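Residue numbers (my numbering), protein chains in the order written: chain E, 1 to 118; chain W, 1 to 111.
Hints listed in this document are in silico derivations from the structure and should not be mistaken for laboratory results.
Among the clues, some could well be false.
Just a few of them, taken from the derived set where beta-carbon distance is under 8 angstroms, the chain W residues facing chain E [unchecked claim]:
#1 Y71
#2 L99
#3 T100
#4 G103
#5 G104
Being a predicted model, the structure only gives us computed values, none of them experimental.
Even glycine gets a Cβ: it sits at the ideal position worked out from N, Cα and C.
Below, each chain spelled out in residue letters.
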Amino acid sequence: GAGVSQSPRYKVAKRGQDVALRCDPISGHVSLFWYQQALGQGPEFLTYFQNEAQLDKSGLPSDRFFAERPEGSVSTLKIQRTQQEDSAVYLCASSRGATGGGFQETQYFGPGTRLLVL
Amino acid sequence: QKEVEQNSGPLSVPEGAIASLNCTYSDRGSQSFFWYRQYSGKSPELIMFIYSNGDKEDGRFTAQLNKASQYVSLLIRDSQPSDSATYLCAVNRAAGNKLTFGGGTRVLVKP
Chain E
1 GAGVSQSPRY
11 KVAKRGQDVA
21 LRCDPISGHV
31 SLFWYQQALG
41 QGPEFLTYFQ
51 NEAQLDKSGL
61 PSDRFFAERP
71 EGSVSTLKIQ
81 RTQQEDSAVY
91 LCASSRGATG
101 GGFQETQYFG
111 PGTRLLVL
Chain W
1 QKEVEQNSGP
11 LSVPEGAIAS
21 LNCTYSDRGS
31 QSFFWYRQYS
41 GKSPELIMFI
51 YSNGDKEDGR
61 FTAQLNKASQ
71 YVSLLIRDSQ
81 PSDSATYLCA
91 VNRAAGNKLT
101 FGGGTRVLVK
111 P
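Next up, chain W with everything else stripped away, as it sits in the complex (with noise of 0.2 angstroms):
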């Protein structure tokens, strides 16, 4: 069992609709939960990061972290087609500690 689950889709979205990404893993040690989004050949850039049970909203995207359920997911609220990428989960034990990545999540966002 991998540290980190992500299903690899593609998840298929409508433009405008709502896009739901979920991420498990396996330390319980884990504090700090960070969601990446990765272009075709780019690197990963920060979306947000939550590190408390709940939701947490920046604009279109909201986190969800349940640390009993050892799970973390990202809405994407009005899915535009720049949203197509693929999105990386990502979680650390520890302030300063390396990041352990989910294998990500492609979503396609169609117009």
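With the rest of the complex left out, here is chain E (with noise of 0.2 angstroms):
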């Protein structure tokens, strides 16, 4: 596609169901990314796949958070056992590769995926 894809744009969750947040990536894209920004807030970082590989989940915030990329394409973000804390927008990002630097470096960003827990 011609750019970054996320569904659903919006989810409206009981507290302690689980959500599946899906990404499609800008075609050929190596890397993907999944930050998380609260209201007012600048993006905070969450995971990050090379093709399949989970190189970093640093910043997921707790286990009930998991992130998977199984064919290094699409990648779904899910959260079990939602909690309030969890609403926020959380956005997927795609670069053109690990190496090189310079413009292939450069995240693109989805539209995000809105999530309000009530």
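Work from the hints to combine the two standalone chains into their complex.
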């Protein structure tokens, strides 16, 4: 596709419910990132994939958060037993590659999934 | 101290004036620096990136980097009402690694 796509765009969950957020990166992009953005704040890193390998998950706030990218393309961020503090916009970004620097490392963001936990 | 600091604003500038945005970072290992613009309810979109000390110009935008002072800035010349948005400064340590964002500076351009 032309850009990064995410679905659903909006999700309302009851506290304790499990949710799954999907990200379709730009075709051919090797690197994929998940960020969490609270209202009025800058995005905060959650996790990073290079192809299907999850190379950094240091930003995942708890073991209720899990991400995968089994075939090195589409990624899913799963949140189990959602809590009210999980309410935020979840942004996915992709970049061309992990090597070479320069333009290749520029991250392009999807529209985000706005999650509201009641 | 946050890793990347920005004044939250709002920075109010008259149409046609220069908007000057500042960003400081704490990690001396930072190598790449990015400015993103984010309209309310939308996702961040890249304005420009800079790697070397000095100035980099792209249209009405100029990024300035001073690694010794751990400081990066963005100038917007001939500001337009459509420039009203939140501007996010982001840094990373190496190619492919995570971006660390500041909290953003809200800019309001008044006609």
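Each hint, compared with the structure:
1. Here the hint on W/Y71 is broken, as its CB sits about 18 angstroms from the closest CB of chain E, past 8 angstroms.
2. The beta carbon of W/L99 is positioned within 8 angstroms of a beta carbon in chain E (closest approach about 6 angstroms), and the interface hint is therefore held.
3. Residue-level restraint check for W/T100 holds (minimum Cβ-Cβ distance to chain E is 7 angstroms; threshold 8 angstroms).
4. Because the smallest distance between the Cβ of W/G103 and any Cβ of chain E comes to about 5 angstroms, under 8 angstroms, the interface hint for this residue holds.
5. The closest approach between the C-beta of W/G104 and any C-beta of chain E is roughly 5 angstroms, which is under the 8 angstroms cut-off, so the hint is satisfied.
In summary, the structure is inconsistent with hint 1 from the numbered list given earlier, while agreeing with all the others.
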